[in-house]
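Student: Hey, can you work out the whole structure from these sequences and the hints?
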Amino acid sequence: MINLLTYLISLFIGFFTIRLILRNQPQISGLLILCLSLGLGLGISASITFYSFFIFREFNQTAILTINIATLLSLFITNIFYFSSPENKIETENQLPKINNKFWITAFIAWGVAIIGISILSQQYPSGGWDAWGLYNMKAKFLVFGSERWADFAKAHWHTQPSYPILLPLINTWIYSVFQSGIVKAASLTSIIFSATCGLLIYSGLSQFIKKWVALLASVLLMTTPSYIFWSTTQYADIVLAYFLLSSVILLTLTMKTKNHRFSLLTGLFLGLMPFAKNEGIVMLFLLIGLTIGYLFLNKNIDPDKRLKIIKFLLIGFACTGAATIIFKIFLAPSTREVLFNPLTKNLEFCNLNGLLTTVGFYGSELTDKKWNFIWIFIFLLGIFKPKNLIQNENKIFSIFFVLFGFILLYVYLTTAHFDLTWRLECTASRIILYLLPTALFVSFYSFWQEKS
Amino acid sequence: MSLKFNSINMKNKKIPYLSKFLIGALVILIVSNLVLNFISIMAQITTVANRSVEPGFQYFDLKEKLEDYDIVGFLSETTPTPEDNDGRFMMAQYILAPILLDLNNPAHHINIIDASTPQKAGSILSIIKGKPIYINPFGKIIVERKL
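Heads up: the protein sequence lines correspond to chains A and B, in order. If you're matching positions, the first sequence starts at 73 in this note's numbering and goes up one per residue. If you're matching positions, the second sequence starts at 46 in this note's numbering and goes up one per residue.
Bear in mind the hints are in silico, worked out from the structure with no lab data behind them. Be aware that one or more of the hints could be misleading.
Claimed, not checked - Capping the alpha-carbon separation at 27 Å, the derived lysine-lysine pairs in DSSO-like fashion look like this:
hint, chain 1, residue 1, chain 2, residue 2
1, A, LYS372, A, LYS460
2, A, LYS442, A, LYS458
3, A, LYS384, A, LYS468
4, B, LYS191, A, LYS227
5, A, LYS329, A, LYS372
6, A, LYS418, A, LYS458
7, A, LYS257, B, LYS108
8, A, LYS378, A, LYS329
9, A, LYS458, B, LYS65
10, B, LYS65, B, LYS176
11, A, LYS227, B, LYS110
12, A, LYS401, A, LYS284
13, B, LYS110, B, LYS165
14, B, LYS108, B, LYS174
15, B, LYS65, A, LYS443
16, A, LYS381, A, LYS468
17, A, LYS458, A, LYS372
18, A, LYS384, A, LYS331
19, B, LYS176, B, LYS108
20, B, LYS65, A, LYS174
21, A, LYS401, A, LYS283
22, A, LYS284, A, LYS418
23, B, LYS108, A, LYS227
24, A, LYS378, A, LYS443
25, B, LYS65, A, LYS284
26, A, LYS331, A, LYS381
27, A, LYS331, A, LYS283
28, A, LYS468, A, LYS329
29, B, LYS65, A, LYS442
30, A, LYS329, A, LYS381
31, B, LYS65, A, LYS460
32, A, LYS329, A, LYS458
33, A, LYS283, B, LYS65
As the list claims (entries may be wrong) - Coverage of chain B stretches by chain A, computed from C-beta distances (three or more under 8 Å per stretch; other residues unrestricted):
hint, region
34, 102 to 109
35, 141 to 149
Heads up, the beta-carbon is just placed ideally off N, CA and C, and yes, glycines get one too.
Tutor: This is the structure:
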């Protein structure tokens, strides 16, 4: 539990960064800022840890801690100077929110029960699932104990997926670095924190746009879904990707609603961390950036100067956090042999109608499986009842994103050359469904319950 | 500017039947989730399962014997494909990290032999012409061979 103090350092790094970016306008809810701060802060701390390996050529506890504390202090001091200037003062008059005691007591009880449940159930496998110890925690061990051979994880056998991005091992290395109370303990706490934060993020994001009670129900539904709890607490990177995808989509919605470049910068920062979490994040990043730019250019109601400013800040934000992934991919990671190969050079035994039916059928049965307890059926119902809403305004971006991502997944499955298709589906489908779930839930609730402005 | 897009007062607005139905369904789903989770928690508490054992504990004591080496061979009678991967190599790599294991490549001075039977371990030993220097209680053998 002492590790929680380390998460607090990252939380404040993220909080002061977001405050500097958003300045005094426009204001979003405190809970949304907190939920975003945690992820951004952990992303920044992990990136600092990553760069420290290149500078000091090994795990250097003092350096990692010093740079993180220095970052925190400099952000704090910048915030003080910045907000002491009169034009940046946050207006508080007439803005005190009406506190609805009944609502907040219910919300805290519901979230408390859900978080306790997540914490208990996360102990089903204290060392995490197969990929947790075999991939992520193993890499964290190389980072922490490898001295000058810290990068040797990239030379390990391909069963250990050396090309997988290392945001999660770096977060756990950073958490471990302060109190050194065990990598597995850090990994377990990280998974619990991301599971809970994703749930709170659903509420805080949705409550900007729809009724608070409905947003709360969506949040509790996610946090109590058995398969969500199981897969998000296995210490895999899927929940980290789920968090950054959801954050990016919420911030993208705010960007489109306000046409404010500050939100666009923040969106870029979160988008840039997605590829550092998992390889699928690279695809998601390009899809979301491409669709956003396309939407902005096709939407004639947006002022051309504003349009360019939004795109510029989106790309600046992505460049800031995405640099770590580019460095990782260029200097450390071997190529991903399972995906990046020329399909014409292989005998693709599953690239036929049978492979298509197997893949679609498998996903159909997975989505309707009782372990997801009808949550996906509920999401589809929301889409079916108001299908027009799914293609209105910024919802177009998200709907097309899901469709294109589905097609890319299908391509990857049908061009399976190194494995058996059914085995690959069994290993990946639940996890893909997990990282898409929070965003799908957000988009479906947002499109169904959003009030006409 | 305060950013709030749901400014419509709920009290003055009729909730459509469809929304009522969906909110009812949501509540039912949450309650059933809670029941399922309660059952899982009770099963977790009452089941005597030894899940606290760290994966790869069978290889743990090899670590101190190998601490001077950056890379060692990991030899087994099987060549695990992803589908038939029983995890032995993965567990060994996890527990022995940051020592790098080279799967089924005997071109190292030090190798670990992890076979399912002593006979199979013996045949690997004779093929690589190695000399056992340590055998642990789980039958994992550290072998030295001349290069």
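Student: All hints, please: hold or fail.
Tutor: Checked hints:
no.	hint	verdict
1	A:LYS372 to A:LYS460	holds, 20 Å
2	A:LYS442 to A:LYS458	holds, 25 Å
3	A:LYS384 to A:LYS468	holds, 21 Å
4	B:LYS191 to A:LYS227	holds, 24 Å
5	A:LYS329 to A:LYS372	holds, 15 Å
6	A:LYS418 to A:LYS458	violated, 44 Å
7	A:LYS257 to B:LYS108	holds, 21 Å
8	A:LYS378 to A:LYS329	holds, 13 Å
9	A:LYS458 to B:LYS65	holds, 15 Å
10	B:LYS65 to B:LYS176	violated, 75 Å
11	A:LYS227 to B:LYS110	holds, 22 Å
12	A:LYS401 to A:LYS284	violated, 42 Å
13	B:LYS110 to B:LYS165	holds, 23 Å
14	B:LYS108 to B:LYS174	holds, 23 Å
15	B:LYS65 to A:LYS443	holds, 25 Å
16	A:LYS381 to A:LYS468	holds, 21 Å
17	A:LYS458 to A:LYS372	holds, 25 Å
18	A:LYS384 to A:LYS331	holds, 13 Å
19	B:LYS176 to B:LYS108	holds, 18 Å
20	B:LYS65 to A:LYS174	holds, 20 Å
21	A:LYS401 to A:LYS283	violated, 43 Å
22	A:LYS284 to A:LYS418	violated, 53 Å
23	B:LYS108 to A:LYS227	holds, 19 Å
24	A:LYS378 to A:LYS443	violated, 45 Å
25	B:LYS65 to A:LYS284	holds, 15 Å
26	A:LYS331 to A:LYS381	holds, 9 Å
27	A:LYS331 to A:LYS283	holds, 23 Å
28	A:LYS468 to A:LYS329	holds, 13 Å
29	B:LYS65 to A:LYS442	holds, 24 Å
30	A:LYS329 to A:LYS381	holds, 15 Å
31	B:LYS65 to A:LYS460	holds, 20 Å
32	A:LYS329 to A:LYS458	holds, 20 Å
33	A:LYS283 to B:LYS65	holds, 13 Å
34	102 to 109	violated (count 0)
35	141 to 149	holds (count 6)
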